[in-house]
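Asks: Sequence:
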Amino acid sequence: MRRIVMRKSDAIILSFDILRPSSSAVRPYSSVKGKVGLRINVDNEVKCLDDAVNLFNRMSGVLFSGVTFTSLIRGLFAEHKLKNAVELFKKVARENICELDEVMYATVMNGLSKRGHTKKTLRLLRLMEQGSTKPNVFIYSIVIDALCKDRNLDAAIDLMNEMKQKGIPPDIVTYGSVIDGLCKLGQ
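Sequential numbering of the sequence shown, starting at 10, is according to the working numbering.
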């Protein structure tokens, strides 16, 4: 059983009282500018994603940060709820709930690519390139790895050359993905 305790003081301060004292799955935090967020450690400490989603849904009126949404999206992918993860990401983007940063994009791209949705991952990269948040080497490496695992080495190498032309040098992960792909194709 979980209970949420909210108090008002000089600024908006949230306090979450989780009845299990050993649980640190949900932690309140406040940024320097006074925005209040909710950090949910889905990977290590929330044993039931449904509890985290229920808690999130009960938090009406609270401004959430990208950290919160990224954690929920990662948890949804971990529970193989791809459709829900993508819907949440689209809602955040469509309603401009919070800024889409590199970490959120990487989480969605990684979740899609690990489940065999390489074309969707590549489309999301192209969408990201058009927006205000530009892809970095980590984002490109996710897509290149997905292309290599799909045995689409020509597209992976083309994308690696494209990122070089944009001034983003490949790193060891990028090269490792391409080398692994080449080896698996016997080249």
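Mixed in with the good hints, there may be bad ones.
To be verified - List of simulated lysine-lysine pairs, DSS-like, C-alpha gap at most 30 Å:
| no. | residue 1 | residue 2 |
| --- | --- | --- |
| 1 | Lys143 | Lys158 |
| 2 | Lys123 | Lys100 |
| 3 | Lys128 | Lys92 |
| 4 | Lys158 | Lys173 |
| 5 | Lys193 | Lys158 |
| 6 | Lys158 | Lys175 |
| 7 | Lys90 | Lys129 |
| 8 | Lys123 | Lys158 |
| 9 | Lys143 | Lys123 |
| 10 | Lys143 | Lys128 |
| 11 | Lys175 | Lys128 |
| 12 | Lys175 | Lys90 |
| 13 | Lys175 | Lys129 |
| 14 | Lys128 | Lys99 |
| 15 | Lys193 | Lys123 |
| 16 | Lys143 | Lys175 |
| 17 | Lys123 | Lys90 |
| 18 | Lys129 | Lys92 |
| 19 | Lys92 | Lys158 |
| 20 | Lys193 | Lys99 |
| 21 | Lys175 | Lys123 |
| 22 | Lys92 | Lys173 |
| 23 | Lys129 | Lys143 |
| 24 | Lys99 | Lys129 |
| 25 | Lys123 | Lys99 |
| 26 | Lys100 | Lys143 |
| 27 | Lys158 | Lys128 |
| 28 | Lys173 | Lys129 |
| 29 | Lys173 | Lys193 |
| 30 | Lys158 | Lys129 |
| 31 | Lys158 | Lys99 |
| 32 | Lys193 | Lys175 |
| 33 | Lys100 | Lys128 |
| 34 | Lys173 | Lys128 |
| 35 | Lys128 | Lys90 |
Derived by calculation from the structure, the hints in this document are not laboratory data.
Asks: Take the hints in turn and mark each one as holding or not.
Replies: Taking the hints in turn, this is what the structure says about them:
| no. | hint | in the structure |
| --- | --- | --- |
| 1 | Lys143 <-> Lys158 | holds (24 Å) |
| 2 | Lys123 <-> Lys100 | holds (22 Å) |
| 3 | Lys128 <-> Lys92 | holds (15 Å) |
| 4 | Lys158 <-> Lys173 | holds (21 Å) |
| 5 | Lys193 <-> Lys158 | holds (9 Å) |
| 6 | Lys158 <-> Lys175 | holds (24 Å) |
| 7 | Lys90 <-> Lys129 | holds (16 Å) |
| 8 | Lys123 <-> Lys158 | holds (10 Å) |
| 9 | Lys143 <-> Lys123 | holds (22 Å) |
| 10 | Lys143 <-> Lys128 | holds (19 Å) |
| 11 | Lys175 <-> Lys128 | holds (21 Å) |
| 12 | Lys175 <-> Lys90 | violated (34 Å) |
| 13 | Lys175 <-> Lys129 | holds (22 Å) |
| 14 | Lys128 <-> Lys99 | holds (17 Å) |
| 15 | Lys193 <-> Lys123 | holds (18 Å) |
| 16 | Lys143 <-> Lys175 | holds (11 Å) |
| 17 | Lys123 <-> Lys90 | holds (13 Å) |
| 18 | Lys129 <-> Lys92 | holds (12 Å) |
| 19 | Lys92 <-> Lys158 | holds (22 Å) |
| 20 | Lys193 <-> Lys99 | violated (35 Å) |
| 21 | Lys175 <-> Lys123 | holds (26 Å) |
| 22 | Lys92 <-> Lys173 | violated (33 Å) |
| 23 | Lys129 <-> Lys143 | holds (17 Å) |
| 24 | Lys99 <-> Lys129 | holds (13 Å) |
| 25 | Lys123 <-> Lys99 | holds (19 Å) |
| 26 | Lys100 <-> Lys143 | holds (20 Å) |
| 27 | Lys158 <-> Lys128 | holds (12 Å) |
| 28 | Lys173 <-> Lys129 | holds (22 Å) |
| 29 | Lys173 <-> Lys193 | holds (24 Å) |
| 30 | Lys158 <-> Lys129 | holds (14 Å) |
| 31 | Lys158 <-> Lys99 | holds (26 Å) |
| 32 | Lys193 <-> Lys175 | holds (28 Å) |
| 33 | Lys100 <-> Lys128 | holds (20 Å) |
| 34 | Lys173 <-> Lys128 | holds (21 Å) |
| 35 | Lys128 <-> Lys90 | holds (18 Å) |
In this structure, the earlier hints numbered 12, 20, 22 are contradicted, and the remaining ones agree with it.
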